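Novice: Could you put the whole structure together from the sequences, leaning on the hints where they help?
From first to last, the protein sequence lines are chains R and C. My numbering runs 83 ahead of the 1-based position in the first sequence. My numbering runs 644 ahead of the 1-based position in the second sequence.
No lab work stands behind these hints: they were computed from the structure. All values reported here derive from a predicted model rather than from experimental measurement. No false leads were mixed into what you were given.
If you want the footprint, here are the derived chain R segments under chain C, 3+ residues with CB under 8 angstroms:
| no. | stretch |
| --- | --- |
| 1 | 134-146 |
| 2 | 559-570 |
Calculated lysine-lysine pairs in the DSSO-like style (CA-CA distance at most 30 angstroms, straight line):
| no. | chain 1 | residue 1 | chain 2 | residue 2 |
| --- | --- | --- | --- | --- |
| 3 | C | K920 | R | K582 |
| 4 | C | K920 | R | K495 |
| 5 | R | K155 | C | K889 |
Ideal Cβ positions, reconstructed from N, Cα and C, are used throughout, including at glycine.
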Amino acid sequence: MIKVRRSISGILLCVLALSLSPLHLSAQTAEPSYDIVIRNGRVLDGAGNPWILADVAINDGRFVKIGMVDGKGKREIDARGQYVSPGWIDVMDQSGSVLPQNGLAENKLMMGVTTAIGGEGGTPVPAERVAEYFSGLEKSGISINFGSYFSETQARAAVLGMQSRGPNAEELARMKAIMETAMKAGAMGMTTALIYPPSSYATTEELIEMAKVAAAHGGIYASHIRGEGKELVQAVEEAITIGEKGGLPVEIFHLKAAHQPGWGKLMREAGEKIEQARARGVDVAADMYLYTAGGTGLEAVIPSWAFEGGEQKLLQRLKDPATRERLKNEIKTGSPGWWNIVEASGGWENIVLVNAQNKDNARFEGKTLAAISKEVGKDPADTAFDLVMQGSGRVYAIYHMMSEQDITTALKFPWTSIGSDAGAALKPGAVDGLGLAHPRSYGNHARLIARYVREQKVITLEDAIRKMTSWPATRMRLASRGMIKEGNWADVVIFDYEKIQDRATYEKPLLNPVGIDHVLVNGQVVIENGKHTGARPGHVLYGPGRKTSLN
Amino acid sequence: MNCKRHLTFLVLIGLMLSGLLPQHLVAQTPEGAYDIVIRNGRVLDGAGNPWILADVGIKDGRFVKIGKVDGKGKREIDAGGKYVSPGWIDMLDASGGVLTRNPLAESKLLMGVTTGIGGEGGTPVPAEKLSEYFAGLEKSGISMNFGTYYGATQARVAVIGSEARDPNAEELSKMKSIVETAMKGGALGISTALIYPPASYSKTEQLIELAKVAGRYGGVYSSHIRGEGKELIESINEAITIGEKGGLPVEIYHLKAAYQPGWGTLMRQAGETIEKARSRGLDVAADMYLYTAGGTSLSAVVPSWAADGGREKMLERLKDPANRARLKNEIKTGSPGWWNIVEAAGGWKQVVLASSGNPEHKRFENKNIEQIAKEWNKDPADAAFDLITESNNRAGALYFMMSDADVETAIKYPWISFGSDAAASPQLMDPNTVGNGHPRGYGNFPRVIAEYVRKKKIITLPEAIRKMTSWPATRLRLPSRGTIKEGNWADVVIFDYDKIQDNATYEYPFRTPTGIDQVLVNGQIVIENGKHTGARPGHVLYGQGRVVPTMAAN
Chain R
84 MIKVRRSISG
94 ILLCVLALSL
104 SPLHLSAQTA
114 EPSYDIVIRN
124 GRVLDGAGNP
134 WILADVAIND
144 GRFVKIGMVD
154 GKGKREIDAR
164 GQYVSPGWID
174 VMDQSGSVLP
184 QNGLAENKLM
194 MGVTTAIGGE
204 GGTPVPAERV
214 AEYFSGLEKS
224 GISINFGSYF
234 SETQARAAVL
244 GMQSRGPNAE
254 ELARMKAIME
264 TAMKAGAMGM
274 TTALIYPPSS
284 YATTEELIEM
294 AKVAAAHGGI
304 YASHIRGEGK
314 ELVQAVEEAI
324 TIGEKGGLPV
334 EIFHLKAAHQ
344 PGWGKLMREA
354 GEKIEQARAR
364 GVDVAADMYL
374 YTAGGTGLEA
384 VIPSWAFEGG
394 EQKLLQRLKD
404 PATRERLKNE
414 IKTGSPGWWN
424 IVEASGGWEN
434 IVLVNAQNKD
444 NARFEGKTLA
454 AISKEVGKDP
464 ADTAFDLVMQ
474 GSGRVYAIYH
484 MMSEQDITTA
494 LKFPWTSIGS
504 DAGAALKPGA
514 VDGLGLAHPR
524 SYGNHARLIA
534 RYVREQKVIT
544 LEDAIRKMTS
554 WPATRMRLAS
564 RGMIKEGNWA
574 DVVIFDYEKI
584 QDRATYEKPL
594 LNPVGIDHVL
604 VNGQVVIENG
614 KHTGARPGHV
624 LYGPGRKTSL
634 N
Chain C
645 MNCKRHLTFL
655 VLIGLMLSGL
665 LPQHLVAQTP
675 EGAYDIVIRN
685 GRVLDGAGNP
695 WILADVGIKD
705 GRFVKIGKVD
715 GKGKREIDAG
725 GKYVSPGWID
735 MLDASGGVLT
745 RNPLAESKLL
755 MGVTTGIGGE
765 GGTPVPAEKL
775 SEYFAGLEKS
785 GISMNFGTYY
795 GATQARVAVI
805 GSEARDPNAE
815 ELSKMKSIVE
825 TAMKGGALGI
835 STALIYPPAS
845 YSKTEQLIEL
855 AKVAGRYGGV
865 YSSHIRGEGK
875 ELIESINEAI
885 TIGEKGGLPV
895 EIYHLKAAYQ
905 PGWGTLMRQA
915 GETIEKARSR
925 GLDVAADMYL
935 YTAGGTSLSA
945 VVPSWAADGG
955 REKMLERLKD
965 PANRARLKNE
975 IKTGSPGWWN
985 IVEAAGGWKQ
995 VVLASSGNPE
1005 HKRFENKNIE
1015 QIAKEWNKDP
1025 ADAAFDLITE
1035 SNNRAGALYF
1045 MMSDADVETA
1055 IKYPWISFGS
1065 DAAASPQLMD
1075 PNTVGNGHPR
1085 GYGNFPRVIA
1095 EYVRKKKIIT
1105 LPEAIRKMTS
1115 WPATRLRLPS
1125 RGTIKEGNWA
1135 DVVIFDYDKI
1145 QDNATYEYPF
1155 RTPTGIDQVL
1165 VNGQIVIENG
1175 KHTGARPGHV
1185 LYGQGRVVPT
1195 MAAN
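Specialist: Encoded structure:
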């Protein structure tokens, strides 16, 4: 009895001590009531709404008041004349393997990206270690919020290796179990990148079966579809079928029309195809980057059957003159199950080497394959094969294959969001973690506003912000993100509409944008006056199927 | 003292009290994990985004999960093939006086309105009784959420009555302190209705002074502007000036171009004027209803000086032959400080008696003043004046003065929201009643979708929903409303896109819409299969300047 009474009086004392904290007194004294107050900005709520003039108060990582804020913040940010936006979401990020090495993700944050969704190529660890990978990120700390898909190809490769055949029933069951493990560990869903072997070996039926597993755990199917050139519409249809039969939403990664003769037409058809699917109730949408050039490995110019069995097999085949001839011929005539990126680009003069992964070949970087082949006096395909073989890592190229007109068309689709297709750099000013020097890694999100809103007036500012904030958040079923509303996590970009400018170009792809004054992640200032503060307030964003162990 | 040990104990108690422990347990026991789950709908988040296919889990009045919802709801609603939208917000509601008598507001809820923002004409009680009024609504319970502006004119009348003069310094300071009382009482801002005397006697400078007070308390200035016809642009500019000098956001009520010769140009100019103000940093926006006729008292046809001193004075003047002659002449030539609604409508033929307010005049209802004048063998102005005096100023009219092309122009403005300009019916009216009202009271919101999205394709569905949900919520700084997102209050409209239809017409203004299956307010079902369930889950929505009344010291 006595003990209990003492305990209760102790509690009362503790309660008194707690309730007398400065926070409670702030109304009477000048003690700060909030962690941060952003004053007098033009607040874009992210919901596609016009701005309102308001103060934004943040406490404990979240927005707590929007409107007239009386109390002071420990930190006051004057945003007069500037726009205050929810943090921008990069729905096609490639930072999965970089973040354990560099959690600061400077190039992402400098372009206003506060949340990145990675995993086009899968997670950097196998399914059974995804949970550990995520908790590792939480432990080391990351500056952006990050979530990731798990790739169907990871499950496939784990069971079938680089074989081009389909799995038998038992193998498929194992692949499904792997997918389930990844979903339970918190993957956002399932990805494919169907132009790259061995992903390209997967049939639609296999993908539907695997998608059902992701669906059972609330996941999304996101795909770098099987072809983005003249076969674009069929490839979009395949993705829709997988979503429809698998019973889950579909995200088309980096929607593009990469086929010069189809410019102006293919993109409209792709849009109609998606609209038709939506009209019958299929939850499909797409994202895009904002450049007319893609960027990927130079090996994408090689027909996919040559990759069967893995890298060593490929190198053997490339060394064999007869096989080489066959491959060269197929680049001209086509090969079943392979997307001809050379044709899509309109020839070798539109393919630029950007990372040779070889000291001797570095002098060719920035030149087209047509120019390089002339310099070395070889056939362009031979030149490309040689460059691939001589690289000590993945050799990268930029493929100029899209039109501005189609970017404009796609931006106007109400269901497009924005993804950079680029990873965080290992250090500031370096090439992104993939080793691919493309301006999208430093400029993509700022470019939407500078080029497509301010200069070309393709869409309105509030619509652009919607596509980078509430839409991807709704789409990815991210709770409490994507809008500046009380209770949401305080991811914020404060920018100057007149000054915002992406500066990265193909020639100088590693320049940060200007005009972004502050970037906040979960209520902490991460970018201030163009400098990273070193803060690591990012959260791991888990998929809906995550099962936490209750110890 | 071992605070740490005590704290652990406290945290446990706290968890139990806050209901967190049971919530953790429900993860393992999905039975009854949610109060309501809405399954398989096309969820429009309200943020102007395309729909996603998702379940929506609701608990304790709020959205708690959107996506794949595993747990079962005590109530499961199948929304397969239907759209699930945040509840619709009526930015120009006039239910302030009705809700105390009929808190069910059936006519509002049946058209999907879950939140009404009243007060164009002020609050039904004086400033000092506002807290009490709100508390009364909370106590009796209301079916929709409701917030209100305070009328700047209320403060004016409280100090100088209906006199057509300026307040002196002392009077103005009294008026300001009344506005302050109203803001502390929880008003969302101040409103004016500048075509009606005595509001029309207020000068811009006086309004700026009152606006400053509302601005200090985080309020909005909302105005039925001084003229909506040929003087539309000057009137918008006045509202903008009041916002700029008063330091607060401006809402233009029921934006319209009510002047036939200006159709097609005035509305575009109005849009440009607002855009220009926004581009220099002024927080201005507007709302509108979706009909080409306005509806108000028939006495709007009387030049406003005649109301100096109040309604009784006006009725007296209308009976005086000399005054009557002067007023008749002014309807032709104009009168300073008065918006000529007869000219705006394009003549008496466009003015229709909607409600007579006198059984003897019942036969004139739904006829235009020109027809009535002919039947009555009178001059049209005389006929109108007689209808006013003989009904003791209860005659209401429809003024056909807008063009549908202008309605379409305005709907596209990104900063437009929708307001019905109607009060909840004191009781649901007989759908077969002919005339006697304006269809906006029963049809405005479904009409956005049926007429302007589905039929005419003027704006997209997500855009229409945005303008009825997140935009008004953001605009009015309403926390936790306007979008279907975890943590927000669960105001929901479930509708069938192919079937939704406003059925109210000028002839049958009380026909309720079809195609709205369920309406939820704060997580409770209020409309189900076209019927009001009797639930009263609505909240009073207070302004940011509210000072919560402290409990008496004893």
